[in-house]
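Visitor: In case you want the letters, here they are:
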Amino acid sequence: MSEPFEPKIVAFVCTYCTYAGADLAGTSRLKYAPNVRIVRLPCTGRISPMFILKALQKGADGVLVSGCHPGDCHFTHGNYHARRRWMVFRALLDFTGISPERVIFSWISAAEGSKFADLINSVTEDIRKLGPFDQYQQLIKETESPATL
Amino acid sequence: MITQEKYRTTVKELLANGSIKMAIGYRPGSTSDRRRPLFIRTSEEADQLVLDSTCITNLSGYLVTEGLLSDEKRVGIFLRPEGIRSINILAAEYQLNVDQIIIFGFDFTGREVRALQGQTTGDFSALLSEIRENPPLATKEPLLERIEKMNAKERFDFWQQEFSRCIKCYACRQACPMCYCRRCIVDSNQPQWVNTSSHTLGNFEWNVVRAFHLSGRCVQCGNCDRACPVNIPLRLINQRMAKEVVDGFDHFAGLSPTQEPVLASFKKDDTETFIL
Amino acid sequence: MTRILFSDKLDNCVAKWRSAGLTVIGPVQGESLSSYATVERGTDLHLGLVLPDRSLKELFFPQTEPMLRYTIKKNEIETADFTAPSAPRIIFGARPCDASGLAIDDPLFGWDYKDEYWFQRRKESVIVTIACTKADDFCMCTSLKLAPDSTKGADVLLRPLDKNRGWLVEELTERGREAFVIISEYLQEGSETALPTVEVPEKFNLDACVTWLQNPENFDSKFWKEISMRCIGCASCTYLCPTCHCFDIQDEGDTYSGIRRKNWDSCSFALFTMHTSGHNPRSTQSARWRQRIMHKFNYFPGKFSVNSCSGCGRCSRQCPVDMGITETLQEISKL
Amino acid sequence: MTETIHNAQPNIYKPAIMKIVGRHDEAPGVRTMRLEFQNPADHEQFKKTFRTGMFGLYGVYGEGESTFCVASPETRKEYIECTFRQSGRVTSALANADIGDLVTFRGPYGNRFPIEEFHGKNLLFISGGIALPPTRSVIWSCLDQREKFGKVTIVYGARTVADLVYKHELDEWQERADVDLVLTVDPGGESPDWKYRVGFVPTVLEEAAPSPDNCIAVICGPPIMIKFTLISLKKLGFDEKNVYTTLENRMKCGVGKCGRCNVGSVYVCKEGPVFTAEEVSRMPAADL
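Taken in sequence, the protein lines are chains A, B, C and D.
For the first sequence, this note's numbering gives the first residue as 9, with consecutive numbering after it.
For the second sequence, this note's numbering gives the first residue as 305, with consecutive numbering after it.
For the third sequence, this note's numbering gives the first residue as 193, with consecutive numbering after it.
For the fourth sequence, this note's numbering gives the first residue as 2, with consecutive numbering after it.
Just to be clear, a hint being listed does not mean it is correct.
[To be verified] With a straight-line Cα cutoff of 30 Å, these simulated DSS-like cross-link-like pairs (lysine-lysine) come out:
| id | chain 1 | residue 1 | chain 2 | residue 2 |
| --- | --- | --- | --- | --- |
| 1 | C | Lys344 | A | Lys149 |
| 2 | C | Lys306 | D | Lys20 |
| 3 | A | Lys149 | C | Lys265 |
| 4 | D | Lys48 | C | Lys266 |
| 5 | B | Lys457 | A | Lys62 |
| 6 | C | Lys526 | B | Lys325 |
| 7 | D | Lys149 | D | Lys48 |
| 8 | C | Lys266 | D | Lys15 |
| 9 | D | Lys15 | A | Lys66 |
| 10 | C | Lys414 | D | Lys228 |
| 11 | D | Lys228 | C | Lys417 |
| 12 | C | Lys306 | D | Lys78 |
| 13 | A | Lys137 | B | Lys457 |
| 14 | D | Lys78 | C | Lys265 |
| 15 | C | Lys265 | C | Lys315 |
| 16 | A | Lys149 | D | Lys15 |
| 17 | D | Lys48 | D | Lys15 |
| 18 | D | Lys15 | C | Lys315 |
| 19 | C | Lys355 | C | Lys344 |
It should be emphasised that the hints constitute simulated quantities derived from the structure, not laboratory data.
Start from the sequences and build out the full structure, keeping to the hints where you can.
Guide: Structure representation (structure tokens):
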């Protein structure tokens, strides 16, 4: 148990912007925290709040959702729809007691490799400071079924 | 009493001249403070109709019963303003055609029942706008204010406490006029998004998912809250989410049958203060 | 001369039972819901309730219960059993209808294949019922040929004295006697008379209903559609019912490890009987309500010689559209 | 109602672990798998209890369990064969399992075809589409002791030629002199080189006109086929008591507890799945 806490973060990203941005971060040899598991989706409009719940259900300490800047969506307005949904979902999580600090949203374009690396680093640090998501992990424990992330 | 008699006569007339094939209203229940939904197809059945301050169930969910409106005939229904809003949402989501619905509007203050003027949803738009501007006092919940003041941990604990009683009977879903999906998200198992078991995690997920799906659609009729056999204050979450869409997107659900669903539309200048 | 347990000794009894290793469970009124729950003191018990909102069933057949844990390795699967927790307990102040509910379900969980999750708990629970001196509009035990002082399923029956002073003790089974030996120092001999049990009016003629239900012609009767038209299929009646026993088996976890659970399920749901092909034997709400009534009063007694209803009335009490077994059987009586 | 307690396990919901030793694609989306017991005690229990007609709950941990019949005959108890159509969560997981993978089996449950009573009689098997597997178990159970039975006729039909299952066994039966196989596909489902009949099963059955004398019929198929086949059999003069069928309902427990397989007062999982047409006719038709 003496091992230092390493947060587990799941990132849902759109393939056209943020994933390309992550790619750029990689090809530019930028170093960033290895705590993030990236799930690539066609568009932020495809990122259902269910995904966020599922990530938490599997034991994530934090969730990052990211896509194209407004106006840049490959599908013209997928991210506008997503934005409304996130706003509502974020308020809902807040109201039910899941701190908004654990679910982070961002816009990262294909050109912003360094923003991606910086964001991952800062999010990892923030969640490290928050510590493990004990409240939710307690719920998972009660189900008898293991958190498998 | 006068309203009730007047409506009985109206329903009988409309049935007799074939304007409607059925009217959905209320009749006495098993105790004096209970009312049962009533399906009026004959003049005798119309005599059973009662209308008083215990008629609180929102009946609009019955309109999406499979096959009811498929014959293009018209159906009358007794609705309070919330019910009229649900009809508007159902119409906006293409679940029914408002031209097929004859509304017998009513509302009450204290024990005094009064009829609302109008028959189609359009007739009530002024009334609904009025409600939007001046929401009835009853919607102010002391408990809601208490929850707002809590910190995240306390809120989490509060809701865990409430949801721990949930038995996953889905009465909230079944009682809700907005939950018309043929296959609910908890019923689909490929993938299984939400745990079907009724442990605290499964209960939490289910209630969050339902609240999310009702965001910007709930009219606070209270059907879910009353149906819940374990008395979870479900109305609080839905009220909070309704406030969120009003504040965030200036969207008051169910104003008209052509209102765009809030989560299926957007404005380019929607707020995004929380996005990094 | 009978033995009497006076109310002021209840606290001592609970303490005594607890020190003898028994978990004491009884009706408790929570902030917004009453149920059978573990108590630490006699004063925590709310014995004045007509009936707790939630039934006794869930202490024996919980809404969700882990059955197996699996771990999948390269060339083998390990399966570990969950067993029902072994904890002797005494349920004090159960209502006779709730206790009969347990006795009604015993044969079902035991025919051919014995469900250990149920019987393990049954074996370790002593059930002390209190005869009812209060009833509400929905109580209907007498209509089911049971009574407010029915002894079915109970190990000890207590009959209340006036002014909440205490109860006359009627020990019914060996298990009950053993539990009361523990607290014998708090029992007194006396010759008091118990309060009369409450008069629960008979709401329908059960025999007539059963005859009607057994007639195959009535299976397709228009009656079913009419009576269930307003049913919204919410299942709260089945979930609160002390005898409804349907369940689902669900896996949670992933390809490597997880658990298999037994969860409550309900015949009110369309998905309950849906075949893979899309064919659904009970595709309408009226067919599902018919199944519920038929199962309780025709099929179940046909198999196990007992009606699957103990007359607690929870189905009618909680129904959001004011339906329930009482109304349906009353209407059948009129046919 | 039988009162025998036959739990192999104290926990009646605990399945046996099976290894997939063979698989074969029968038709689009339809697959047959051969499973072997991993635990000898489970196998012994199966050998002791299995009779043709019984069913089991096949499962994949993490996905759940699904009910279908044991397609292998009671004369071959070294393994279990099952045939299923990939359609839901569990069957998809089963279909994704490869040879050597481990799956689970709970059973065998239910009643059986009383084939001792069929001794010395002619047998008529009628089956449609994916419903051949339960019939196949009976067919092989009888063919493996061929001398005990009279004439054997099999009428089998499917929507299209591709949908016929057990094609290799159909060829085998076609060639056997002691089996009379009538194959058919629905109109429009024939391929250019289809040399057998075209038409719906009940029609083809009436054309083939097997004699009802001293004959037992076993039918299995989709509800609509059963309905019309029963009418045809009646026309041919079959007594309902001599017609057997199997009902397959949704099940979760398989042991008469979970409450979903009831048809009228009958618990299909315990009193079925094998019924005579007479028993079926007493069940409420609307509940089937």
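Visitor: Does each hint fit the structure? Answer for all of them.
Guide: How the hints compare with the structure:
Note on Lys344(C) and Lys149(A): the hinted pairing is violated, with a Cα-Cα distance of about 39 Å set against a maximum of 30 Å. Simply put, Lys306(C) and Lys20(D) have alpha-carbon atoms about 28 Å apart, close enough for the 30 Å limit, and the pair holds. Distance check on the hinted pair: Lys149(A) and Lys265(C) sit about 22 Å apart at the alpha-carbon level, within 30 Å; holds. Our distance criterion of 30 Å between C-alpha atoms is met by Lys48(D) and Lys266(C), whose separation comes to about 28 Å.
In summary, the hint linking Lys457(B) to Lys62(A) is supported, as the alpha carbons are separated by about 21 Å, within the 30 Å threshold. Between Lys526(C) and Lys325(B) the CA atoms are separated by roughly 27 Å; this keeps the pair inside 30 Å, and the hint holds. As the CA atoms of Lys149(D) and Lys48(D) are separated by approximately 22 Å, the hinted pair is consistent with the 30 Å bound. For the hint linking Lys266(C) to Lys15(D), the alpha-carbon distance of about 21 Å falls within 30 Å, and the restraint holds.
A hinted pair counts as satisfied when its Cα atoms are at most 30 Å apart, and Lys15(D) with Lys66(A) qualifies at roughly 26 Å. A threshold of 30 Å between alpha carbons decides the hint, and for Lys414(C) with Lys228(D) the separation of about 24 Å falls inside it, so the pair holds. Between Lys228(D) and Lys417(C) the alpha-carbon distance is near 25 Å, which keeps this suggested pair within the 30 Å criterion. Using a Cα cut-off of 30 Å, the hinted pair Lys306(C) and Lys78(D) holds, with the two alpha carbons roughly 26 Å apart.
Using a Cα cut-off of 30 Å, the hinted pair Lys137(A) and Lys457(B) holds, with the two alpha carbons roughly 16 Å apart. Using a Cα cut-off of 30 Å, the hinted pair Lys78(D) and Lys265(C) holds, with the two alpha carbons roughly 27 Å apart. Proximity of Lys265(C) to Lys315(C) is assessed by CA-CA distance (about 36 Å); at most 30 Å being required, the pair is judged violated. Between the alpha carbons of Lys149(A) and Lys15(D) the distance comes to roughly 23 Å, so the proposed pair stays at or under 30 Å and holds.
Note on Lys48(D) and Lys15(D): the hinted pairing holds, with a Cα-Cα distance of about 18 Å set against a maximum of 30 Å. Note on Lys15(D) and Lys315(C): the hinted pairing holds, with a Cα-Cα distance of about 21 Å set against a maximum of 30 Å. With a C-alpha separation of about 26 Å, the suggested pair Lys355(C) and Lys344(C) falls inside the 30 Å cut-off, and the hint holds.
The structure does not agree with the numbered hints 1 and 15 stated previously, though it agrees with the rest.
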